[in-house]
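Asks: Once you have looked at the hints, place chain B on chain A.
Just so you know, the sequences run in chain order A and B. Each residue of the first sequence is one higher than the last, beginning at 11 in my numbering. Each residue of the second sequence is one higher than the last, beginning at 1002 in my numbering.
FYI, nobody ran anything at the bench for these hints, they're computed from the structure. Glycine residues also receive a C-beta, built at the ideal position from the N, C-alpha and C atoms. Keep in mind that the hints are not guaranteed to be accurate.
Okay, the calculated beta carbon distance ranges per label pair [to be verified]:
| id | chain 1 | residue 1 | chain 2 | residue 2 | range |
| --- | --- | --- | --- | --- | --- |
| 1 | B | 1359 | A | 119 | 32 to 42 Å |
| 2 | B | 1253 | A | 290 | 29 to 39 Å |
| 3 | A | 55 | B | 1072 | 36 to 46 Å |
| 4 | A | 305 | B | 1255 | 32 to 42 Å |
| 5 | A | 405 | B | 1169 | 52 to 62 Å |
| 6 | A | 405 | B | 1253 | 49 to 59 Å |
| 7 | B | 1255 | A | 404 | 33 to 43 Å |
| 8 | A | 404 | B | 1141 | 50 to 60 Å |
| 9 | B | 1255 | A | 432 | 31 to 41 Å |
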Amino acid sequence: MTTAAAPPILSLVLLAPLVSAPGLALAPGGLSPVWLRRLSLAVLTVQLLLMVAVLFRFDPSSGRMQLLEQVPWLGALGLDYRLGVDGLSLPLLLINGTLSLVAVAISPLTTPRPRSYFALLLLISGAVNGAFLAQNLLLFFLFYELELIPLWLLIAIWGGAGRAYAATKFLIFTAVSGVLILVGFLGLALATGSLDFSLNPALSQQLGLGTQLFLMGALLVGFGIKIPLFPFHSWLPDAHTEASTPISVLLAGVLLKLGTYGLLRFCLSLFPQAWAVLAPGLAGWAAVSVLFGSLAAIAQTDMKRMVAYSSVGHMGYVLLAAAAATPISLLGSLLQMLAHGLISGLMFLLVGVIYQTTGTRDLTILRGLLNPQRGLPLTGGLMILAAMASAGIPGMAGFVAELMVFRGSLLTFPLATLLSMVGSGLTAVYFLLLVNRAFFGRLATEPGGKPPALLPLAGFVQQVPAVVLAAVVVVMGLWPQGLANLAVASTSALGQPTGGPLADIAMAGTGQPPASGLLLEETAHGGR
Amino acid sequence: MVDDRFSDPLSPLLQRLLGGVPLLEESPTHVLEVVGVLESYGEVLDAYSRNLIYQGEQQFLNPFPVFRFFNGEFSLGRLWRHLNHDRINFEYAEYCQKAMLWHGTGGLDAFLESGRFTGICQQVAHLKQRHDPLLGLLSALFPRFLPELIRSAATTHALGQFWRVMSDLFLGLARAHREGRITSIASVVEFVKQGLVAAAGLPIRYAVQLHGGTVAILPEDAKLTFLTDVAVPYVEAVFLRGMPFLGTLSFNAQATQIPHDQGQFGYGALFADPLPTMGAGIPPSLLMQDMYRHLPRALEDVYRSQGRGVVDIHVKICMSFQKAMFCVTNGAINGTMPYPLDDPDPHHRSANRNHCMAWLERLRQARLAALEARGPETIRTPGHR
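The following block holds chain A by itself, in its conformation from the complex:
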């Protein structure tokens, strides 16, 4: 039974790809790859339009769950079909809709077994929707696990030469992640005796601190693997290296965000007391992750691995902001998730174009790709834009996000924030290395001074998705208020102290203006 009077729009968002996926896989007749892609694009366009409809029905002034839909399902198991959306999940839902569409749009028609491929892409998109919308712990877990299977298959079947190793590693790491999360959820239910697995922050208050720390620790490591944070990151560079471009776009842009979303939604919300105790350690962990990710990225010569390690670093900012748990930092953490999703998605997309065109991602080989006539000037230009955005240059999404993270965390954890700022500087180092090596200089020539080799042309149509993502990165940088206004009530509610030491942490930044006010002030004064 649906509690909302209006049509169950969240269920429609969820079911559009989930129902279409088996439909696509089992549809009779010999559908050509062109039609398979068109049908997938149609489904995902409908999904995105439904998300936009959700956006219009969403009340940004409320920090509570909205548009709730509930259907009793397996009550005896505590598994109810409960969906809802708030300012934290709605932007992530939108980015999933956008990047899923991009991933399908850039999937080559020469992909083998296209029917299964596109069906799995739809399945991933639906599962991620479910995870972001679920208001029941077991339902979240179900979708969290459901997303792993198609992703594993997409790496294992459609990946590069080392796909077997990468896919297995991914499976082992994320399976452990899933087990730990399940342990956390089941432990919470058993310890509190509340077997309805509802998302209730008050539950943990009846538990001792030790139990809270144990349960939250399990969730932390579980989500830390997914994010990934140092030292649980090693599956990510391998998975990215072997995954095809569309899968890398989804992996970096959306799937990693399930980890950070879980961090905020479950660790911070369900265990505020334990979170407050561990917060200084989490901030330190964040700084280590940022610095490790950045330094490791500097050492890479494979473009994909470099972008992958940069993800490890940039996800550290989200942990730092979550640890500080101030209204500003929590808004910053969400903006960082979105900014990273867009920027890393864009980067993987561009690396894909380079790989497809030149046949290599090796920075010791690539040179002079900005050459206007024989190189990849549009790809190069967009890569420079993406590098600037990732390094936090004002006017682009990365700047707003990082500013909010650092501003919100500085007073609470000054040392960790300063170290993370160093990581932000290092971002400029490794991406400038990438841009300088691959795009500047003279276009690579064959050995012996022979005439320059001809690269195949990357057509404009092929690059439209990258142009769109780049435009969104700039729009978000120039007009962050749109997203901030959407999310600020919810992210502030996440950080609301429910008692205990969290109150001390949340209030450590006393005198700080509300998050939305600060954002307006910062943008009005050019970020000074």
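Replies: Coordinates of chain B only, in the frame set by chain A:
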């Protein structure tokens, strides 16, 4: 010096020159490229030549030659096309003129350095001072200012005369090709050589009208001639030496990135990187844009069918242009050969050999890869699906 040993890359080229074989390898594509690109070059040189001669005669000592590219035919339509860049890049002609002025070799430069020329400059200054107070003042304050302007004007006009001949020669080559008289690279080189030799003795002269009188800046009795006084200095300045092109690549003289000895410069057309970035010497963009406007249909069709089609057509034109310029250089080397190649006298053969070796030494760092008959191939690596 060129080493006859097998390892020296110039050794096969020396053998080709002494054997009367063209430097550029024979291939039907080479013939199409060279003849086609020289035809478009001939059309462009025609425009350059007319403008340089116009500048030399009608814009002489004009302190503000704002409309010098209009050839005296100013209209709003032409102004719009000029500003909209729907025009020939006359700037490239000026660039070549400056290269010739600065490098200054051969008989023209010797005359411009002579006392006779100083006297002509004084005559011009005297005439101008009476009618042009600004130039009079500048000339009095900076005595070397006016002679420098007149030198520049003389080089401009001389280059205009040179390109007039070359334009006719290249358009004649295209005509001969259409008539079936040109079928190989060897015949192209021979045609160019014959053209240069035929024009060798043409006088180079330049006179301007000043306030009702005529002043000969390059008088006929200075006996400046086409081949030795302008053509060879042109090849030296534009094909070989050139200049680091401003805006394309910065060279730092203090860091000795530019040779102290002008003779060691290697920024000319034969050394230029055909890719439009990081290339020394001539910028492909300006001249190649101009040649693209006049490209013969057959050659354009070939370019369109290769690689990226028109996207990198300027690079393709530049690569063909370098092949063509090697042919012209080849014609100049053959045309200035001291003795016939079949001369049995050992001293004469030795003189021929030294002549060729001196040229080839200059080409050691040139884009010799352009001489091969094979073209660039599209990269195909395991990453391609």
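Asks: Hints first: check each against the structure and report whether it holds.
Replies: Going through the hints against the structure:
no.	hint	in the structure
1	B:1359 / A:119: 32 to 42 Å	59 Å, violated
2	B:1253 / A:290: 29 to 39 Å	52 Å, violated
3	A:55 / B:1072: 36 to 46 Å	58 Å, violated
4	A:305 / B:1255: 32 to 42 Å	37 Å, holds
5	A:405 / B:1169: 52 to 62 Å	57 Å, holds
6	A:405 / B:1253: 49 to 59 Å	33 Å, violated
7	B:1255 / A:404: 33 to 43 Å	36 Å, holds
8	A:404 / B:1141: 50 to 60 Å	55 Å, holds
9	B:1255 / A:432: 31 to 41 Å	36 Å, holds
In the structure shown, a violation is registered for the earlier hints numbered 1, 2, 3 and 6, in ascending order.
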